[in-house]
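Given the coordinates of chain A, assemble chain B onto it according to the supplied hints.
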Amino acid sequence: DAGVIQSPRHEVTEMGQEVTLRCKPISGHNSLFWYRQTMMRGLELLIYFNNNVPIDDSGMPEDRFSAKMPNASFSTLKIQPSEPRDSAVYFCASSSPGSPLHFGNGTRLTVT
Amino acid sequence: EDQVTQSPEALRLQEGESSSLNCSYTVSGLRGLFWYRQDPGKGPEFLFTLYSAGEEKEKERLKATLTKKESFLHITAPKPEDSATYLCAVRGGPGGATNKLIFGTGTLLAVQP
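Taken in order, these protein sequences are the chains called A and B.
Note that this note's numbering has the first sequence beginning at 1, numbered continuously upward.
Note that this note's numbering has the second sequence beginning at 1001, numbered continuously upward.
It is worth saying that the hints were derived from the structure and are not from the lab.
Treat the hints with caution; some may be incorrect.
[Unchecked claim] Selected chain A positions facing chain B (Cβ under 7 Å, derived; list incomplete):
1. S31
2. L43
3. L45
4. Y48
5. F91
6. P100
7. G104
Treat the numbers as computed from the prediction; the structure is a model and nothing was measured.
Note that CB positions come from ideal geometry on N, CA and C, so glycine has one too.
If we strip away everything but chain A, and leave its shape as in the complex, we get (with noise of 0.2 Å):
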């Protein structure tokens, strides 16, 4: 079990530019969720799918967040267009019923 894929590992941009974080969620998991930290606010909730249809994006800070899942092997966070205050880890994190989530390694995100 190769675990939960996140790439980039670090992404480094510039202000107005697009950002897009992948991640490949453990194979037979059903749900899929984006948290995002920092040191401030610690993992924050952005969204969540269950069987690749978004339940709950309450936690999206803004319209430049979007979030897609397009089969149950592969989702996207897109960022456009970056800020300075989207610096953060990024984390994609999959689960099946009663399980608990299992987190990827996150991405780096810093924008300048």
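Below, chain B without anything else, positioned relative to chain A:
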């Protein structure tokens, strides 16, 4: 609104010095309280799930307990390799498809040799 508060924010222990971390929660209909460990540069790693008051789980030097308002993570005779951030999370609300977790901000534990 579901809420999780962890204390202390940071804890420094000498090797072998036992202690406890606290997680206080407010949730409508608890459907699981979770403990995770996070090492620098990595994602949170699952440790325990507790479902009902009075339940306890153990793993090596760690023991998690649960009451109706809080959970404790007891660390017995810690070693330097136990140094990490420990995160608490709750799953609440009505049953069904929802599986989201609400996290506390964590306790940073440093164990010195």
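Going down the list of hints, with the structure as the test:
no., hint, result
1, S31, "holds (5 Å)"
2, L43, "holds (4 Å)"
3, L45, "holds (6 Å)"
4, Y48, "holds (5 Å)"
5, F91, "holds (5 Å)"
6, P100, "holds (4 Å)"
7, G104, "holds (5 Å)"
In terms of the numbered hints stated before, the structure departs from none.
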